[in-house]
Amino acid sequence: MGAEPKSFRMRIAPLLAQRGALAGILTPIFAFLVALAINGILLWSIQINPLEAYKAIYQGSLGNTYARVETLVKMAPLLLAGLGILVAFRSSLFNIGAEGQLYVGGIFAAGVALFMGPFPPWIHIPLTVLAGFVGGALWALVPALLRARLKVSETIVTLLMNYIAIELVSYLVNGPWKDPKAVEPYTARFYASATLPIVLTNTRLHTGILIAIAAVVGIYIYLNHTVLGYQLRVVGENPKAAGYGGINIQRTVILSLLISGGLAGLAGTGEVAGIWHRLMMDISPGYGYTAIVIALLGRLDPLGTLVSSFLFAVLVVGADSMQRTVGAPAAAVLIVQALVVLGVLAGDYLMRRS
Amino acid sequence: MELSSIMEQEARLTGQDGIVEMRGIVKRFGDLIANDHVDLEIRPGEVLGLLGENGAGKTTLMRVLYGIYSLDGGEIRVNGQPVDIRSPADAIELGIGMIHQKFLVVPTMTVAENVVLGAEPTNGALLDRGFAERQVQELASRYGILVNPKAKVGRVSLGEQQCTEILKALYRKADLLILDEPTTVLTPRQMDELFDTLRKMAADGGKVVIITHKLPEVLAVTDRVVVLRDGKVVGSYKTQETNERELAIAMVGRELRPVISVAKNVRGTVLKMEGISARNDEGTLSLKSVSMEARAGEILGVGGIGGNGQRELVEVIAGLRPTESGRIMIRDRELRGADPRRVRAMGVCYVPADRHGMGTVGPLSVAENLILQRHAEAPFSRRMFLRHSQIRAFAEGLVASYDIHCQGVDAQTRTLSGGNLQRLVLARELSGEPDLILAEYPTRGLDIAATEYVHQVLQAQRDRGAAVVTVLSDLDELLQLSDRVVIMYEGHIMGELSQEEFDIERIGLMMAGIAESKAEVRI
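Line order of the protein sequences matches chains A and W. In this text, residue positions in the first sequence follow the numbering used here: the first is 1, and each later residue adds one. In this text, residue positions in the second sequence follow the numbering used here: the first is 1, and each later residue adds one.
Just chain A, same shape as in the assembly (with noise of 0.2 Å):
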């Protein structure tokens, strides 16, 4: 092992130092409302009430049906994309390539969504979904056999694909993929048998969350209760010690950087077959980066994650309602959420001293 992903774990102990069910859910809440405690003063300093800021970021967020189903559309892809970073921090790989695996999961899909069928969509949507988890493991593909094989940082290697992947959609949109009907730089529409289906009638709410939710059960059966997610948290808490139980360290770091990257994949297709119906630019606001801290937020913990990213996920939608509201800055948001990290890492401090 070389020395920046032991550096990296050192940096995590802390967070994966209490790990379980309940502190994986409790430490992102507790560490949210003292966030907002502290933001509140800083509201207070600029002569916005708090109560009014946090009552709007609840009305936009959770205050009627339409503000509930952007909230989920949008927690969709942060669960997605942060289960991939839980997946690959577990087993000690700082995949920070999440927003890169999303996009190439969206060309896949696009691909599958575009150009084949049409299909009955009992087997179109399937294919398409496929398509995107593929798209995003492909994409860590690169990073994981050059760490399995060549110990080259997949830090940076993910880092940087991150760029090639926003880029690769930018060129298709513009180029060979460009809808020759329409200025703007997207695709076509795809095949009606493609997209995602919707659960709530008249609104945008797809199967994206569903897809979500199952790979929170399936991500923590595969940590907890197969031969793989064992073997994953041995190579992630203790690379020697799973050598020396003969464990395939390789395997596991590409299979890891595999499934988080497919995870990310995952999220691209949401978006693209679940909201826009083709495949364009800026499919992301940075969900893969927001999805880093979800996962540590989350304490690398499936249900500590699908907490945190509903909690992110009120807050990003919320935040357009507040600086309507009561005209607080939209930073204000970005205030909590730095704040909700540090809360997390001192939560993590007092209880390592009690």
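One or more of the hints may lead you astray.
What the hints assert, rightly or not - Straight-line alpha carbon distances no greater than 25 Å define the calculated SDA-like cross-link-like pairs of lysine to any residue that follow:
#1 W:Lys272 / W:Ser289
#2 A:Lys240 / W:Ala345
#3 A:Lys240 / W:Gly80
#4 A:Lys240 / W:Val262
#5 A:Lys240 / W:Thr415
It should be emphasised that the hints constitute simulated quantities derived from the structure, not laboratory data. Since the structure is predicted, the reported quantities are computational estimates derived from the model, not experimental observations.
Chain A is fixed; fit chain W onto it per the hints.
Here is chain W on its own, set in the frame of chain A:
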């Protein structure tokens, strides 16, 4: 003891120019007394050898002098004046330099840059690189040190890195140089060069202390030798007036304690190694054509000062380290390639020295740790899914039969005490009734009760008919527990003694590098 009275006589020569005296030095680590009223005098013009086993207190004493450890008693005098050394900076100020076993160099900088680091010559605001290189070259030639000041430290040999460290000390005007086991990383030729340098320093009126456990070195380079044992000075000798036998006895000398129990039923060979060579993590050859055998029904103790190839020996057998040459047979099957799973399938188990770093996975539960190597086998998993009920039942059985104190099998392993952690590792490793048990420093860091427990378990395994190979650094323990011992020195097996032949003098000589038959000097 008359040896120490000679030393005291010599110690009367105080107040001379440049003499560094340590008087009544006491250093404790918790309950352990690492230095117990140690008197030591370091004189100009002399290379002083500090000789002793692992844990004798040599390095601790010198770290006290260098300001790394604070004193718990006693005083240090320079030129007869008491001094207060609270940090290495204070020590450097007094002209004391120390070369540690691990070098503190910046690999991306040149030799010259490393040497002047922190005390750089400048022209205006910038480092005067040319001047620094000339200065370093001059210093190096004065003491016959062969280095290229312009070479990047990361690209030069460990010997040249050591030279860089020495130059660093000399550049800071050190006239007392302490070297901690300096020859470990050196080739014979580099060692000769180092010794020449040290003698030049002494001839110049400098003071040199070399910490070592190797008798050939002591005899080759020192003027005087002080032997430490269990934190106390047990003798001080003029090198010219002593011999390796006397020094070996001083170093290891003790009453033989009675053996705990005797092997009753030694049977056929389980492990046979023929001409095994292997490299350590740094790439140096640290097992040199080792041949040995372990038999069913006996405990083979592997002794020697730590770091002489013991670790590589067990790792090679455990399939964790590739061999360069030679052949390992388990029963009548050859072990090819490093593959811990296959080795285990051949009936070999391994209790590693590093219980925390290798033997267990701290954040995982006791139950999960108990199936580390067998998690993919029935009954612990089926069709790629873990069977937690089977795992728990198995774990609960082992926790009960090995009396592992823990808050249930779901408790995180990191919450276990050292003794219970070792019980867990033993329980897991021995649960498959292995034919060959490799136990590397199995009692290190354990209290008396836990140590006895480990001894009992290993003896029970022997009596069951397993071959036990255990690496031990404590000589008393080695001779009490083993039915037969081999002593390692610099990657060789220096000799082998069965229980009837145990002889402290012979073992002491072997541990210090004097070969069995012809007292051949191996450096």
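So, going through the hints one by one against the coordinates:
{"no.": "1", "hint": "W:Lys272 / W:Ser289", "result": "holds, 13 Å"}
{"no.": "2", "hint": "A:Lys240 / W:Ala345", "result": "holds, 20 Å"}
{"no.": "3", "hint": "A:Lys240 / W:Gly80", "result": "violated, 52 Å"}
{"no.": "4", "hint": "A:Lys240 / W:Val262", "result": "violated, 36 Å"}
{"no.": "5", "hint": "A:Lys240 / W:Thr415", "result": "holds, 20 Å"}
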